[in-house]
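Please take these sequences and the hints and turn them into a complete structure.
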Amino acid sequence: MAQIRRMSGERAYTVSQVNAYIKNMFVQDFVLNRLSIKGEVSNCKYHTSGHIYFTLKDGKGALSAVMFASHRAGLSFRLEEGQQVVVTGTVDVYERDGRYQLYAKEIRLDGQGELFARFIALRDELQEMGLFAPEYKQPIPRYAKKVGIVTAPTGAAIRDIMNIAHRRNPYVQLILFPALVQGEMAAPSIVKGIETLDELGLDVLIVGRGGGSIEDLWAFNEEIVARAIFDCGTPVISAVGHETDVTIADYVADLRAPTPSAAAELAVFDYRQFMADLSGCGQSLASAMSRKLLQEKSRLMQYQLRLRLKDPARQLDEKRQRLADLEERMGRAMEGKLKERQHELALLASRLKGLSPLEKISGGFGFLSDGAGDRVSSVSQVEPGDLVQVQIRDGKLLTRVEQVEPI
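The sequence shown runs -16 to 390 under this note's numbering.
These are calculated hints, taken from the structure and not from any lab test.
Lysine-lysine pairs mimicking DSBU-like chemistry, simulated, CA-CA at most 35 angstroms apart: (1) Lys293 to Lys275; (2) Lys6 to Lys21; (3) Lys280 to Lys302; (4) Lys336 to Lys379; (5) Lys293 to Lys280; (6) Lys21 to Lys43; (7) Lys40 to Lys88; (8) Lys129 to Lys175; (9) Lys28 to Lys40; (10) Lys40 to Lys21; (11) Lys28 to Lys43; (12) Lys28 to Lys6; (13) Lys175 to Lys120; (14) Lys43 to Lys6; (15) Lys322 to Lys302; (16) Lys43 to Lys88; (17) Lys320 to Lys336; (18) Lys21 to Lys88; (19) Lys322 to Lys336; (20) Lys128 to Lys175; (21) Lys28 to Lys175; (22) Lys40 to Lys175; (23) Lys43 to Lys175; (24) Lys6 to Lys88; (25) Lys28 to Lys88; (26) Lys40 to Lys6; (27) Lys320 to Lys302; (28) Lys120 to Lys28.
Okay, the calculated beta carbon distance ranges per label pair: (29) Ser333 to Asp369: 32 to 38 angstroms; (30) Val14 to Thr137: 38 to 44 angstroms; (31) Ala100 to Gly166: 17 to 23 angstroms.
C-beta: ideal position from N, C-alpha, C; glycine also.
Rendered as structure tokens:
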């Protein structure tokens, strides 16, 4: 200290010179070269290089810390938010930025942090009370027109939501309740925002904020916020922090989005895709109607054809034609039958003619009959002296039998 006082009396020094002087003081301090510090892990980030950056804190202060990849071989667990740990290492000055931090060489678990323990206790209590039960979850409307947002009026969260909502659907109405999302008054502010927007009859609410430490997000772990979300009549999408951040609000909300941007994707439907789908449905409907119309026209033509076939006048003409055909057939049948009978009659007449006495008489024969007119066909029927009548072709002869000579 005497040396720096002497320097200050002579001239002004550069920032790097002062930082170098302070670093030298840290290096010379034996206690700071190796010490163990107990605290709660916060703002833990695993860098792609393999280094782990985090903050070690207690109820009254915080200390930035880093564990380089070369020292991670002795770390037997994954460092996470809320863990109570004991870190052994060196406190030194990062000369470029003029800030000091803890360079961890060794980390061991020392139980859960106070905030994390409170989170677990409240989560288990609310779950036992049924606030997380799936049967109480409300469906998120597919085509929301009015979307309420409870978040800070400035910051990445509201910008991301607005940009994505405008890109997906420029006609959706966004209603922002500018709430506090960090600090002691954040929880009551969030509750007021949920209750206020719930009374406006909106389609869906987005409740959330951007990422941060467990302390930054703690307002969304408060019981009053959880109960406000549970009692809200409007479906609620929680969008708190990053994908790895989980809060009580996520458990009780109707739907959890990993980020505010994802919440906007879930709450606001894509208008262009909607119009494309609607156009496709219209074309499908038109095609279906066209096919149906052609089908019904074909059926109508079939019915018309069947009606023509069943037309009474047509059927009457058909019956008349059939009657005429039957009449013609009957005429032909009668004519055939008549010719057949005429032929039979001719045969019978011919046969009868051959048997006719007159026919025989005309051939030189005569027909004999006695006095009583009975036919005489045997000599035994007459005796000498009987009168016999002879019928010949051109008249009758009356004669008396002179003599009977049997053969």
